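Trainee: Each chain, letter by letter, is given below.
Number of protein chains: 2
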Amino acid sequence: KMKASSSPMIEKETPETQRPNTFLRETDDNHSQNSNSNSVRARFEKMIREVQDGVCSAIEAMDQGGKFKEDVWSRPGGGGGISRVLQDGAVWEKAGVNISIVYGVMPPEAYRAANPSQNGNTEPGPVPFFAAGISSVLHPKNPFAPTLHFNYRYFETDAPKDTPGAPRQWWFGGGTDLTPAYIFEEDIKHFHSAQKSTCDKFDASFYPRFKKWCDDYFYIKHRGERRGLGGIFFDDLNDYDQETLLSFATECANTVIPAYIPIIEKRKDMPFTDRHKSWQQLRRGRYVEFNLVYDRGTTFGLKTGGRIESILVSLPLTARWEYDHQPEEGSEEWKLLDACINPKEWI
Amino acid sequence: KMKASSSPMIEKETPETQRPNTFLRETDDNHSQNSNSNSVRARFEKMIREVQDGVCSAIEAMDQGGKFKEDVWSRPGGGGGISRVLQDGAVWEKAGVNISIVYGVMPPEAYRAANPSQNGNTEPGPVPFFAAGISSVLHPKNPFAPTLHFNYRYFETDAPKDTPGAPRQWWFGGGTDLTPAYIFEEDIKHFHSAQKSTCDKFDASFYPRFKKWCDDYFYIKHRGERRGLGGIFFDDLNDYDQETLLSFATECANTVIPAYIPIIEKRKDMPFTDRHKSWQQLRRGRYVEFNLVYDRGTTFGLKTGGRIESILVSLPLTARWEYDHQPEEGSEEWKLLDACINPKEWI
Numbered sequence: 001k002m003k004a005s006s007s008p009m010i011e012k013e014t015p016e017t018q019r020p021n022t023f024l025r026e027t028d029d030n031h032s033q034n035s036n037s038n039s040v041r042a043r044f045e046k047m048i049r050e051v052q053d054g055v056c057s058a059i060e061a062m063d064q065g066g067k068f069k070e071d072v073w074s075r076p077g078g079g080g081g082i083s084r085v086l087q088d089g090a091v092w093e094k095a096g097v098n099i100s101i102v103y104g105v106m107p108p109e110a111y112r113a114a115n116p117s118q119n120g121n122t123e124p125g126p127v128p129f130f131a132a133g134i135s136s137v138l139h140p141k142n143p144f145a146p147t148l149h150f151n152y153r154y155f156e157t158d159a160p161k162d163t164p165g166a167p168r169q170w171w172f173g174g175g176t177d178l179t180p181a182y183i184f185e186e187d188i189k190h191f192h193s194a195q196k197s198t199c200d201k202f203d204a205s206f207y208p209r210f211k212k213w214c215d216d217y218f219y220i221k222h223r224g225e226r227r228g229l230g231g232i233f234f235d236d237l238n239d240y241d242q243e244t245l246l247s248f249a250t251e252c253a254n255t256v257i258p259a260y261i262p263i264i265e266k267r268k269d270m271p272f273t274d275r276h277k278s279w280q281q282l283r284r285g286r287y288v289e290f291n292l293v294y295d296r297g298t299t300f301g302l303k304t305g306g307r308i309e310s311i312l313v314s315l316p317l318t319a320r321w322e323y324d325h326q327p328e329e330g331s332e333e334w335k336l337l338d339a340c341i342n343p344k345e346w347i
Numbered sequence: 001k002m003k004a005s006s007s008p009m010i011e012k013e014t015p016e017t018q019r020p021n022t023f024l025r026e027t028d029d030n031h032s033q034n035s036n037s038n039s040v041r042a043r044f045e046k047m048i049r050e051v052q053d054g055v056c057s058a059i060e061a062m063d064q065g066g067k068f069k070e071d072v073w074s075r076p077g078g079g080g081g082i083s084r085v086l087q088d089g090a091v092w093e094k095a096g097v098n099i100s101i102v103y104g105v106m107p108p109e110a111y112r113a114a115n116p117s118q119n120g121n122t123e124p125g126p127v128p129f130f131a132a133g134i135s136s137v138l139h140p141k142n143p144f145a146p147t148l149h150f151n152y153r154y155f156e157t158d159a160p161k162d163t164p165g166a167p168r169q170w171w172f173g174g175g176t177d178l179t180p181a182y183i184f185e186e187d188i189k190h191f192h193s194a195q196k197s198t199c200d201k202f203d204a205s206f207y208p209r210f211k212k213w214c215d216d217y218f219y220i221k222h223r224g225e226r227r228g229l230g231g232i233f234f235d236d237l238n239d240y241d242q243e244t245l246l247s248f249a250t251e252c253a254n255t256v257i258p259a260y261i262p263i264i265e266k267r268k269d270m271p272f273t274d275r276h277k278s279w280q281q282l283r284r285g286r287y288v289e290f291n292l293v294y295d296r297g298t299t300f301g302l303k304t305g306g307r308i309e310s311i312l313v314s315l316p317l318t319a320r321w322e323y324d325h326q327p328e329e330g331s332e333e334w335k336l337l338d339a340c341i342n343p344k345e346w347i
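Respectively, the protein sequence lines represent chains A and B. Counted the way our numbering counts, the first sequence spans residues 1 to 347. Counted the way our numbering counts, the second sequence spans residues 1 to 347.
Think of the hints as simulated: they come from the structure by calculation, not from any bench. Since the model is a prediction, treat every value here as computed from it, not as a measurement. Just so you know, not all the hints are guaranteed correct.
The list makes no distinction among identical chains, and a pair is therefore deemed to hold if it is satisfied within one copy or across any two copies.
To be verified - Below are the BS3-like pairs computed for lysine-lysine, each with C-alpha atoms no more than 30 Å apart in a straight line: (1) Lys69 <-> Lys277; (2) Lys344 <-> Lys212; (3) Lys189 <-> Lys344; (4) Lys69 <-> Lys221; (5) Lys277 <-> Lys141; (6) Lys67 <-> Lys277; (7) Lys69 <-> Lys46; (8) Lys12 <-> Lys344; (9) Lys335 <-> Lys69; (10) Lys221 <-> Lys12; (11) Lys12 <-> Lys212; (12) Lys344 <-> Lys201; (13) Lys335 <-> Lys12; (14) Lys266 <-> Lys335; (15) Lys268 <-> Lys67.
The following block holds chain A by itself, in its conformation from the complex (with noise of 0.2 Å):
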């Protein structure tokens, strides 16, 4: 009666005492246009892992207090990870920076969730793929200081076997966004300038088309309402060619400091009350509620067999839900809850 959905389709990994200087297969150039170190995969990783560095670098020299602790690790067959998580410091409470490099097989069903346009009903049969990616969040303690989540990942499938000739795949796909919990208009207001600016540096059409996508995309369905006040986000990306694409992945993750940072340099320290704090813990809620029942990368890598614990470091070290929770009309509360019903223009 039980039906196990999927089994795990890719190795479990095993951990390792350093950082090796790459995660790749030293085979991956037999598939790649350039030399290895050339290749789109080895700029990828290499993008991803100074981005890592930067970012920890940054978060630590804030926090004062707390450091990261980093995990290792590889599978056997290729590919792996570093992860690294600051927990319980002086003002985050939970921040995870991950890195990892993947290569798999997908089963039909994570294949689905990874790419829902395609779900037609035709049964695919398992795809080998590679992906890389650098993926974060960031919960700070204080309730006026917003959560970050910046994700950017490129991803290859193998050619079909049963199809001889047909192209492999490629694609890049990411974004940041922002999740406070009350507003400050000329927080917001940075934020998205940072990003439209960085947009604007390849395609005017980039910035509104991805704030939409954002906004679309961290959709609570069931509640009717966004998870957070949005950014960027783009999926399944390829229409320009990779040299392009690799360029405005490696600009858009090199946004994140100063898109974020100042903002919890002004909000880390602000007195706030049991009220307050409550109401960021609703909202962690619906963070959880997002992550586990929409997000595409949460629920890909639990059914693809992916490093549980990194994926769930996206989940906040606390949350919570009353039964019926209404915010006073009008009251700050409600203007953040009607701001992530009602998508707003920020600039």
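Given the coordinates of chain A, work out where chain B should sit on it, guided by the hints.
Mentor: Same frame as chain A, now just chain B:
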């Protein structure tokens, strides 16, 4: 790019000021084999409303502080429910006891969630259904006092419109299960013995079969562990006559109070430390993971547009996620986790 997974297929609920005598449609007797008041639908509704009253009285009597808040609601096309929630009481942090009657049309997607064994390649059309059930989750404050969940439901689908003469389907489902953060063997034995006694009145095969089904059902696949220490669970039960199964569901529901309340009596005032509370909160996090990712009732409710506050009242008031938490081998926390990973025979 964003695919709305499916539109709500049942109408929006509206609040009622009074409890109606029945939530059934007046036209229901056209569909029933018996007269209206003797139909299985009618008798099942009567049973779950009596059980709701009984359980709420027992909870309030023991809590000696908290009172249930009641919300009555209905839908224009028929059906409705009574939600009762006691929040922040003396003994219980959050206790929800809900009954509902739903007339709806299942989107194919929800039909699959409700009925995974029939998940084939044929794309079913929308299926009209009737569902009645009682659902309850009781989360105590004291970390030595276990959480209880029970749910009993009766389900009918209309005959498929495109297949004249094809029969309607009906089935019973439900169960009662216990989720402690710490093991007191006498408590778990008492709880399972109560389930077994009730099962044995009907069929000696019921307890072993439904005990295993419960262990299998409440499995958090991505963790490789169960939510708690089980009890009984069954679904799609229609291999006995309706009278027998109605009687069985009734006796199971009437077993809730004697199986659970004596345990709370013993544990509600036990002294505890921050360590105990923190472990309880981590286990509550697992509860959230199971309910949002795997629970059939929750995912079915979210997909069909059920009353969100009633569905999610099962979530604890507070929960916690620590990165890579591992209880020390041999500790009390480890023993609980071990029993969640390796289900035991308690009697």
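Trainee: Are the hints correct? Go through all of them and say.
Mentor: Going through the hints against the structure:
no. : hint              : verdict
1   : Lys69 <-> Lys277  : both (26 Å within a copy, 24 Å between copies)
2   : Lys344 <-> Lys212 : within (10 Å within a copy, 51 Å between copies)
3   : Lys189 <-> Lys344 : within (11 Å within a copy, 56 Å between copies)
4   : Lys69 <-> Lys221  : between (35 Å within a copy, 26 Å between copies)
5   : Lys277 <-> Lys141 : both (9 Å within a copy, 20 Å between copies)
6   : Lys67 <-> Lys277  : both (24 Å within a copy, 25 Å between copies)
7   : Lys69 <-> Lys46   : within (21 Å within a copy, 56 Å between copies)
8   : Lys12 <-> Lys344  : between (43 Å within a copy, 26 Å between copies)
9   : Lys335 <-> Lys69  : between (37 Å within a copy, 27 Å between copies)
10  : Lys221 <-> Lys12  : between (33 Å within a copy, 14 Å between copies)
11  : Lys12 <-> Lys212  : between (37 Å within a copy, 27 Å between copies)
12  : Lys344 <-> Lys201 : within (23 Å within a copy, 61 Å between copies)
13  : Lys335 <-> Lys12  : between (45 Å within a copy, 24 Å between copies)
14  : Lys266 <-> Lys335 : within (20 Å within a copy, 45 Å between copies)
15  : Lys268 <-> Lys67  : within (17 Å within a copy, 38 Å between copies)
Checked against the numbered hints above, the structure violates none of them.
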